[in-house]
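The lines below spell out each chain.
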Amino acid sequence: MKNKSVSAALKKNAMLIVLVLVYLFFLILTKGGIFSPSSFTELINQNAYVYILGAGMLMCMLTGGNIDLSCGAFVCLLGALGGVFMIVQGMSTGLSILLLLLIGIGYGVGLGFLIAYVHIPPWIATLAGYLAFRGLGTSILSANSVTGSLAPFPTDFQSIFYGRIFPTEKGVFNWPCFLLGLLAAAAVVGLTFRNRQVRLKKGYEADSVASAAGKSGLGAAAILLVTARLAMDGGIPTTLLWVAGIILIYSFITSKTTIGRHFYIVGGNMEAARLSGVNTRRVMFVAYLNMAVLTAIATMTVVARSQSAYADVGKNFEMDAISACVVGGVSASGGAGTVLGMVIGATLIGVINLGMSLISLDANYQRVIKGLVLLAAVVFDILSKKRGK
Amino acid sequence: MEQMNNGKTRSSLIAIVAAYLLYTAWQLFQGWNDPNTTMPQAVMALFIVLFAVIACVLLVYAWRVWKNAAKEEEEEKKKQQDESSFK
Amino acid sequence: MAKILLEMKNITKTFPGVKALDNVNLQVEEGEIHALVGENGAGKSTLMNVLSGIYPYGTYEGDIIYDGQVCRFSNIKDSEKLGIVIIHQELALVPEMTIGENMYLGNECGHKFAINWNKTYSEADKYLKMVGLEESSKVQVKTIGTGKQQLVEIAKALAKKAKLLILDEPTSSLNEEDSRALLDLMLSFKKQGMTMIIITHKLNEVSYVADKITVIRDGTTIETIDNHGSEPVSEERIIKGMVGREMTNRFPKREGVQIGEKEMEISHWTVHHPLYPERKVVDDVSMYVRKGEVVGIYGLMGAGRTELAMSIFGQSYGVNFSGELKLNGKPVKMKKSEADAIRHKIAYVTEDRKGNGLVLSQSIKVNTSLANLGAVSSRTVIDADREYAVAEEYRGKLKIKTPSVEQLVGNLSGGNQQKVLLAKWMFAEPDVLLLDEPTRGIDVGAKYEIYCIINDLAAAGKCVVLISSELPEVLGMSDRIYIMNEAKMVGEMKADEATQENIMALILRSGRGA
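Residue numbers (the working numbering), protein chains in the order written: chain A, 42 to 430; chain B, 14 to 100; chain C, 77 to 590.
It is worth saying that the hints were derived from the structure and are not from the lab. Nothing here was measured: the structure is a model prediction, and the numbers come from that model. Worth double-checking, as some hints may not be accurate.
[What the hints assert, rightly or not] Chain C is nowhere near these chain A residues, computed Cβ spacing over 12 Å in every case:
no. : residue
1   : 189
2   : 192
3   : 238
4   : 402
[As the list claims (entries may be wrong)] Here are a few chain A residues that face chain C, going by a calculated C-beta distance under 7 Å:
no. : residue
5   : 298
6   : 299
7   : 309
8   : 310
9   : 313
10  : 317
11  : 318
[As the list claims (entries may be wrong)] Straight line, CA to CA, 20 Å or less: simulated EDC-like cross-link-like pairs of lysine to aspartate or glutamate:
no. : chain 1 : residue 1 : chain 2 : residue 2
12  : A       : 242       : C       : 461
13  : A       : 72        : A       : 83
14  : A       : 243       : C       : 463
15  : C       : 288       : C       : 244
16  : C       : 237       : C       : 108
17  : C       : 85        : C       : 137
18  : A       : 243       : C       : 461
19  : C       : 278       : C       : 302
20  : A       : 243       : C       : 469
21  : A       : 297       : C       : 482
22  : C       : 475       : C       : 525
23  : A       : 297       : C       : 463
24  : A       : 242       : C       : 463
25  : C       : 412       : A       : 312
26  : A       : 297       : C       : 461
27  : A       : 297       : C       : 459
28  : A       : 243       : C       : 482
29  : A       : 243       : C       : 459
30  : C       : 430       : A       : 312
31  : A       : 243       : C       : 468
32  : C       : 411       : A       : 312
33  : A       : 242       : C       : 459
34  : A       : 242       : C       : 468
35  : B       : 80        : C       : 172
Beta carbons are placed, not taken as given, at the ideal position from N, Cα and C, and that holds for glycine.
Using the sequences and the hints given, assemble the complete structure.
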């Protein structure tokens, strides 16, 4: 009996195990380099856009395997515009951020309308953006700068999107950071057990004490580990707050709200959804509007980190977001997938990216490996569908 | 991975992955004469060809999945029409 | 007394949580056609999977005794070696390959590395002739129709030198003509000494070919009926064995019929085809339904009944609508919105439950609340407990057979799926229910349960519109019957005046060029 549950648990958490194994692999390869405090910060900052865009891409994919091919190019365009607002025109940071968000909303509304109400297939509609936006962004940049890039962004902008909470010197243990970590870890354990109690009281099945302790224990340990490392590197990065906030919000939306449920239904069977009174067109519209807004937020974290807007920014972003979803188990045809899955997928990709750059792996090898990872995920998906049949 | 019930959207995603592999092969090809890279040209050639071939295979597979899904829909419709005619 | 070729003794097979077979006994004589009947989920396919080795020795209790020997199969090949060949419901042919390649897939003639194709094809042709196919075995499978593909499957089995042929629902994807041809083929095989077991739920086929009929219910053998008598066994007799109750009334009696005021009425309702707007799919139809009434709509395929129902339901089908819709006596201008129709307390239960009725990848719970999520949530946050409780409530009310409401709907049998679909619409608390072929593809026992549900709905004062292509069903369940043909409403009859004959006559008279 014990053997069965262990192997079943293994299957369910396959991606998580893969993540741990890959991390250990790079731990050895980088001779511990990937375990340094600065690596943790780098992982979060470098990878933030994957989590943010991944959340948006997840919502689009839920509706039936639809994607957004334009987000990377849109990042370039928005970055260029942001540079113009803040550097060239010298507008205040707050106003610029607001404008960028509004432009994002504008694009989202237009895109959502074309896809949901004019019924243009999403891949065509977003392909247009993919082809057009980068060129647009590059022309804006070259019109406003000799070098083709705009820098530096104002410091208050940096601190909102690329700073640290309660910063300290690197190497000095950042107690506020670690305390926050302790709080979060305690919250995870506490909530897990409280939920269990509530479920038992209501008469539902619940995990055994051992498995609840195991799951929450692992989660808490991970949180403590991450915050301890971050504490040695100057504190919690602001991007972590953005990412964590977005992840929590979308987790809640997908699992507990009627809107979230509608996404799963539309992806599971659009006709059945329509005939059950679900406004399928509105769901599609919201999916793409949402994606555009998240793209705007991602742009700001990326641009703040690189401290400049340049022509190549955003390259490959859409593939990274799609990879995170596919690797994380989001069904390639919609109707299934969770935020947690996307997070694991995004983290896996982030670890691979970071690991490869830490060992200074040649760019060509990096490209090959990224392609292979995506290929492996798709093959795994195809095979599991065959066996499931 | 969760279940998949819609062949058509599944095939479009496989097609996208195939396109990405082709794009990667293209990127490798563009860097063919780059002196800075540590990847030997033989290996580069290997991966270019490999990715291109796999991409084509995936595209064919995606097309098959699409066709199968379309055929199944047709057959389901036909079967139901047949069933109702001689109840 | 003929020799007993196969005996399955006290076969018991358990899956986690459920006993699929409980001491099942089966005896098949040499050279007979033995029919295995039972409701969906009764255990027929499981029993045959045990026999053919799909469930190997060791995963079941009891004995398989074939030709006097106790058998311990570890896989299908073992049973095939003895001549036990099973043909499954789903065709297992590769469409792109030729007939010959398919027939000998895995055991081609010749050596391992040098397949002798000439021999393969000539052998294949031999067997094709035996099943009455004139095609060459070099033809690609996908070019021949489903009926002929089924015959290829049989030829494939013959090529494996089958002595005991098991056919699992062989006519499920065939039309009447091809089904008849297959049954006649079975009778001709019998003359040549082949022993066959046929699993089917089509009772007319059973009467036609079977020598003996074994009825299985809930995993146990109920009885074995002899069909050798001067008169073939009646369908009622078989149904009684399958379902365990007298089916003199295939349709439950309506208790306390109380018909009230008109709830829904449409006048001069006309709808045009969405792709060919000149064509009318519903032509000047007028009808009404009263509270507590079951109104049947009968018609041949293409008569326009589904289009009528869907167009009433929030204009979910069709273009260029005209005509008037009255609810509770008051004219209503319906928007082109399904949600609006639901708000007006109309429900449409589609005829294609798997295609556009249910979300197969989601649980019973999620499907049940689907049309009325507002009732289990407060301000867009779903109340998981309330949703679970609602699903449980309908599970009990409709007797949905499942261990838990978290079970995925795609894993349920057809009858249970239909019940979940009904549950969804009942939970939307409509006043008018448009049921489109609600018992299509469902076994006899589940059909009866659904009829009871329909009667309960009427008794509760709802209006039920029953669209059906099964004339006995329409006659047995309705208070009033409308007849549609070629987009027009051609007749209306009270249930006691209606007969199969005068309904069909009405249709024939109204047809074009009648």
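Requested in this report: Hints the structure violates: just list their numbers, smallest first.
Outcome: No numbers; nothing is violated.
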